[in-house]
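Q: Based on the sequences and whatever the hints tell you, model everything.
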Amino acid sequence: MRKTSKLLALGCFALACLNLSPLSAEKAALELGAPFRDHAILQREMPLPVWGWAEPGTLLTVEFAGQRKETVTGSDGKWMLKLDPLKTNAEPAAMTITSKDGASATLSNILVGEVWMASGQSNMQWLARVSNASILVDQLKEASEKAGRKVPIREFKVTNYYAHLHPIEHAEGEWNQDYGEFSAIALAFAHKVYGEIGVPIGILNCSFSQTAIEAWTPRAGYKDSKMDYNKEIEAQLRKTDPSTPDHKEAWEAFYAEIMDAVKTNQKIADEGENNFVDLPTNERPGNMRNNRDATWLFNARLNPVIPYALRGAIWNQGYANSNGGLNYYPNLHALVRGWRILWDNPELPVYFHQFYSPGNEVDKGPNHPDIGSTAEMRLGTWLARDIPNTGMASQIDNQGAIHYRSKVVPGQRLALHALKNQYGKDVVADGPMFKGYTVKGNELIVEFDHAEGGLVVAESGSNYLDRKDPDATGFADPRIIENGDEQVTLFYLAGEDRVWHPAKVRIEGDKAVVTSSAVKNPKGVAYGTGGIGFQPNLYNKALLPTTPFIYYDQELVTSETWPDAPIKIAGVEIDPDSVGLSYRYRKFPILSTQFRDNAVLQANKPVTIWGAAVPQYIPHAEGEKVIHFSFNGIEKSIPVVEGMRNWKVTLPPMKPSMEPKTLKAALTIDGEVVHERVIENVVVGDIWYVYGLGDQKIAKMEAPVNGPIRIMPRKAKGVKSDWVREYSVATSTTPKNRFASYWSEPTGPGFAANLAKAIHAKTGNPVGIIHMDEDNLEIKHLMDAYALADAPSLRAEYEEIAAITPGTPFYKKNAERYINAWKSYWGDYIPEMIATKSVPDGVPWGSFPGFAGKVETDATQYYNCIVASFKHTQLKGIVFTTEASMVAQANGAHFGEQLSALANGWKRHFKVENDTPFIYTIPSKSLAPKITKPSGIRGASAAFEVTAWPEQDDKGSYPSGEKPALDGLVEAVIQAAY
Numbered sequence: 012m013r014k015t016s017k018l019l020a021l022g023c024f025a026l027a028c029l030n031l032s033p034l035s036a037e038k039a040a041l042e043l044g045a046p047f048r049d050h051a052i053l054q055r056e057m058p059l060p061v062w063g064w065a066e067p068g069t070l071l072t073v074e075f076a077g078q079r080k081e082t083v084t085g086s087d088g089k090w091m092l093k094l095d096p097l098k099t100n101a102e103p104a105a106m107t108i109t110s111k112d113g114a115s116a117t118l119s120n121i122l123v124g125e126v127w128m129a130s131g132q133s134n135m136q137w138l139a140r141v142s143n144a145s146i147l148v149d150q151l152k153e154a155s156e157k158a159g160r161k162v163p164i165r166e167f168k169v170t171n172y173y174a175h176l177h178p179i180e181h182a183e184g185e186w187n188q189d190y191g192e193f194s195a196i197a198l199a200f201a202h203k204v205y206g207e208i209g210v211p212i213g214i215l216n217c218s219f220s221q222t223a224i225e226a227w228t229p230r231a232g233y234k235d236s237k238m239d240y241n242k243e244i245e246a247q248l249r250k251t252d253p254s255t256p257d258h259k260e261a262w263e264a265f266y267a268e269i270m271d272a273v274k275t276n277q278k279i280a281d282e283g284e285n286n287f288v289d290l291p292t293n294e295r296p297g298n299m300r301n302n303r304d305a306t307w308l309f310n311a312r313l314n315p316v317i318p319y320a321l322r323g324a325i326w327n328q329g330y331a332n333s334n335g336g337l338n339y340y341p342n343l344h345a346l347v348r349g350w351r352i353l354w355d356n357p358e359l360p361v362y363f364h365q366f367y368s369p370g371n372e373v374d375k376g377p378n379h380p381d382i383g384s385t386a387e388m389r390l391g392t393w394l395a396r397d398i399p400n401t402g403m404a405s406q407i408d409n410q411g412a413i414h415y416r417s418k419v420v421p422g423q424r425l426a427l428h429a430l431k432n433q434y435g436k437d438v439v440a441d442g443p444m445f446k447g448y449t450v451k452g453n454e455l456i457v458e459f460d461h462a463e464g465g466l467v468v469a470e471s472g473s474n475y476l477d478r479k480d481p482d483a484t485g486f487a488d489p490r491i492i493e494n495g496d497e498q499v500t501l502f503y504l505a506g507e508d509r510v511w512h513p514a515k516v517r518i519e520g521d522k523a524v525v526t527s528s529a530v531k532n533p534k535g536v537a538y539g540t541g542g543i544g545f546q547p548n549l550y551n552k553a554l555l556p557t558t559p560f561i562y563y564d565q566e567l568v569t570s571e572t573w574p575d576a577p578i579k580i581a582g583v584e585i586d587p588d589s590v591g592l593s594y595r596y597r598k599f600p601i602l603s604t605q606f607r608d609n610a611v612l613q614a615n616k617p618v619t620i621w622g623a624a625v626p627q628y629i630p631h632a633e634g635e636k637v638i639h640f641s642f643n644g645i646e647k648s649i650p651v652v653e654g655m656r657n658w659k660v661t662l663p664p665m666k667p668s669m670e671p672k673t674l675k676a677a678l679t680i681d682g683e684v685v686h687e688r689v690i691e692n693v694v695v696g697d698i699w700y701v702y703g704l705g706d707q708k709i710a711k712m713e714a715p716v717n718g719p720i721r722i723m724p725r726k727a728k729g730v731k732s733d734w735v736r737e738y739s740v741a742t743s744t745t746p747k748n749r750f751a752s753y754w755s756e757p758t759g760p761g762f763a764a765n766l767a768k769a770i771h772a773k774t775g776n777p778v779g780i781i782h783m784d785e786d787n788l789e790i791k792h793l794m795d796a797y798a799l800a801d802a803p804s805l806r807a808e809y810e811e812i813a814a815i816t817p818g819t820p821f822y823k824k825n826a827e828r829y830i831n832a833w834k835s836y837w838g839d840y841i842p843e844m845i846a847t848k849s850v851p852d853g854v855p856w857g858s859f860p861g862f863a864g865k866v867e868t869d870a871t872q873y874y875n876c877i878v879a880s881f882k883h884t885q886l887k888g889i890v891f892t893t894e895a896s897m898v899a900q901a902n903g904a905h906f907g908e909q910l911s912a913l914a915n916g917w918k919r920h921f922k923v924e925n926d927t928p929f930i931y932t933i934p935s936k937s938l939a940p941k942i943t944k945p946s947g948i949r950g951a952s953a954a955f956e957v958t959a960w961p962e963q964d965d966k967g968s969y970p971s972g973e974k975p976a977l978d979g980l981v982e983a984v985i986q987a988a989y
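Here our numbering is used: the first residue of the sequence shown is 12, the next is one more, and so on.
By construction, these hints were calculated from the structure, which means they are not laboratory data.
Any given hint might turn out to be false.
Claimed, not checked - Calculated lysine-lysine pairs in the DSBU-like style (CA-CA distance at most 30 Å, straight line):
id : residue 1 : residue 2
1  : K747      : K711
2  : K446      : K598
3  : K93       : K161
Predicted, not measured: the structure shown is a model, and the values here were computed from it.
A: Right under this line is the structure:
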């Protein structure tokens with residue numbers, strides 16, 4: 012069966028066509044830059060750019076605060092001028108912009124104070140009203156009511172664009188005065204600064220969820236970088252710049268790869284196979300993985316506010332980069348460098364957060380030393396303090412879910428840097444940071460920077476919002492623990508053997524004396540690299556937490572320099588499957604869905620066992636790869652060769668037997684086993700595929716199975732997908748994920764259980780039922796593309812799906828359309844975006860051509876999940892139960908042709924012989940007045956008429972024989988097949 016493009020699954024948007032229209036025809040006579048709107052706060056004490064657009068050659072005048080400035084628009088219609096530095100003003104004022112041709116705009120309620128830009132992903136975007144910053148919201152509302160005017164803290168956002176491939180300037184924006192709708196972290200920052208300096212504070216909120224740091228970095232940050240990581244990204248950006256030779260070379264190769272894949276797939280289809288090659292639609296050249304790739308969010312969400320005058324910027328982000336480790340260091344360099352270049356301010360202050368401690372457990376257990384990707388992302392953040400005019404605010408003592416509630420303290424800690432460095436306040440902005448260590452006997456003595464006045468022990472959990480302490484502040488701010496040295500369990504020591512042991516600490520002023528009875532001659536020390544959260548922690552007198560660190564033999568420890576993978580912790584056994592290639596291949600679907608413990612294989616017929624030969628979503632590791640198979644005395648070694656996507660072994664016919672057998676399949680790379688599945692308690696009997704009639708209850712996955720009746724129901728929550736799930740009903744292919752289908756014994760009534768019992772009673776042999784179900788489907792949802800072609804009423808659906816299905820006449824044509832759409836994208840759409848610095852079609856999220864193109868039908872999408880992965884399955888028979896939604900259209904007039912096409916498609920898919928019965932229910936004319944009967948089902952089939960739609964019992968099942976609609980169905984199946 013064909014495998015459709017995963018383009019849409021990656022969050023990209025398909026361009027069915029490119030609607031290009033000149034910007035000048037749609038724009039008003041006088042357009043202002045996005046931040047220039049009512050209620051704006053302007054930056055004081057520095058030249059103030061004001062800009063916009065009008066007809067080329069137009070004289071523009073800007074009047075504000077007693078100043079009157081003039082300029083003339085350029086040939087592109089853009090104008091910009093600079094007001095002289097302004098003084099603080101908390102009284103509402105108006106700015107007037109007029110053009111010589113009579114157009115004008117007046118901005119009202121303008122204040123002058125301090126402006127900061129806030130950027131990042133969802134934790135920076137997170138609203139104040141749904142975090143503990145709601146306490147600040149209430150305080151600000153109360154203060155505003157008492158003063159008779161709102162506290163002058165305001166927030167700006169671009170409102171109509173989110174992400175685009177190239178920088179735009181034309182955008183809409185809005186200044187908001189509703190504190191609850193502000194970024195929680197930005198509000199906490201602004202509230203703290205306002206409380207200290209008492210001037211209006213404006214926030215430019217340029218943040219959005221599920222975005223990596225690369226998405227907010229302008230190309231200027233990567234260009235001419237000396238760092239290899241940044242050079243690699245700049246190389247990708249050149250491929251999406253139509254003016255570069257890199258672009259032409261990359262995309263011509265891409266087009267050729269598509270047509271080569273089309274030819275290969277056509278050859279496979281002509282040979283009658285279905286092991287199709289994916290088109291390279293998910294490997295587009297450049298920063299085109301999706302519309303959150305490098306620079307995209309910057310281009311649409313941040314670039315329109317440049318060069319709005321501001322004092323500095325704050326940054327909170329991390330989750331989307333938590334697998335990137337030390338790459339966060341060059342990323343921060345590129346981010347800050349790019350912002351500074353585009354704001355033309357090489358000393359622009361930028362303050363960033365270090366990642367917090369994920370996890371909801373309030374009383375977390377020991378956090379062992381860690382040099383994994385998240386720990387190294389924190390390390391990269393700490394190292395990036397080498398960028399001049401930056402500062403890091405730690406969140407290591409903050410914990411919670413992905414969107415942690417405690418946003419106030421993180422925002423306040425960023426504000427400390429601004430208060431100290433921009434506003435001259437006498438505050439401490441940094442927590443203790445590792446400086447060095449000395450060893451005296453069995454004692455390792457750590458010295459710290461930023462620990463003046465001595466270290467203290469404190470914890471932040473008792474002040475957390477959800478704690479029931481009546482004295483809790485709700486901010487998760489630290490509380491000192493007097494004489495709390497013994498409560499700190501975050502230190503570890505290592506000796507010559509490089510094994511890390513828990514250690515005790517004794518505070519001596521600004522030093523920490525660390526000892527462990529297990530380490531007589533310490534060589535290394537670690538602190539908090541596995542996260543800290545609400546555990547007792549070391550702080551300085553300003554109650555700022557100690558930054559995690561790990562050193563050995565006086566050198567910083569990283570995953571690249573440390574010889575042991577993983578790091579060895581005393582008393583902690585290492586699961587070999589949690590590291591190295593075994594971990595990389597942990598989700599490898601070496602066996603398809605039904606090959607699990609307690610499986611039933613079909614008796615008296617050749618049986619095919621199959622699975623993946625290549626991992627999904629990740630490339631194979633280097634080396635010689637071999638699949639090793641064994642079952643019932645049969646052993647095979649199958650080399651994995653170039654272009655091979657799956658493997659299969661066909662077993663000779665076996666007699667029915669309850670004797671348990673073991674199936675093994677393993678992948679080796681250069682002789683090392685990287686993934687192995689051992690399937691126990693396999694028996695041989697009759698296996699049926701049953702669709703419909705509700706969820707069959709079965710025993711838990713870990714329950715022992717001893718009986719002859721075994722059922723594999725659907726466990727996946729979502730069973731609708733625009734691409735084929737080749738080896739699993741569930742999205743995940745992790746063997747024991749909780750949504751995986753598995754074999755077990757029935758624990759309640761239901762059609763599947765009743766059918767299996769009746770078959771066993773008839774034959775005395777083991778019985779396996781694959782039982783899949785979903786409510787309110789149409790027949791087209793359960794058909795593949797080839798089956799759609801056989802149903803005249805579904806011709807339109809077929810032509811859409813066929814465009815992405817190898818072996819159909821529409822497939823090559825669609826590939827050609829796809830290539831032409833890209834050529835139009837690069838030849839027309841993107842050049843217009845670059846030339847006008849606007850979005851040609853006005854879409855909020857940047858889009859690009861998709862191979863799925865005009866595919867809008869949801870036909871085949873349930874087949875892709877609950878039928879597709881059972882291909883090759885040798886069956887005794889198939890039962891299909893019709894539901895009301897399948898005959899609702901045209902009162903069943905198309906039922907006959909559609910069900911015939913489905914039945915033949917399933918028989919073809921399962922590779923069953925024509926004598927394998929397809930047994931189906933058909934509604935009577937009282938249920939579907941225009942019902943037609945299937946007449947084209949190849950081979951054995953049988954119909955069972957129902958005069959009423961089955962009803963579920965109070966347990967959600969459809970017990971056969973207990974409801975009139977199903978009376979006799981089990982008997983009809985037995986009669987047809989046995």
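Q: Compare the structure with each hint and give your call.
A: Status of the hints after comparison with the structure:
1. For the given pair, K747 sits about 12 Å from K711 by alpha-carbon distance, which is consistent with the 30 Å threshold.
2. This hinted pair does not check out: K446 and K598 have alpha carbons roughly 42 Å apart, beyond 30 Å.
3. Proximity of K93 to K161 is assessed by CA-CA distance (about 29 Å); at most 30 Å being required, the pair is judged to hold.
Checked against the numbered hints listed earlier, the structure breaks hint 2 alone; every other hint is satisfied.
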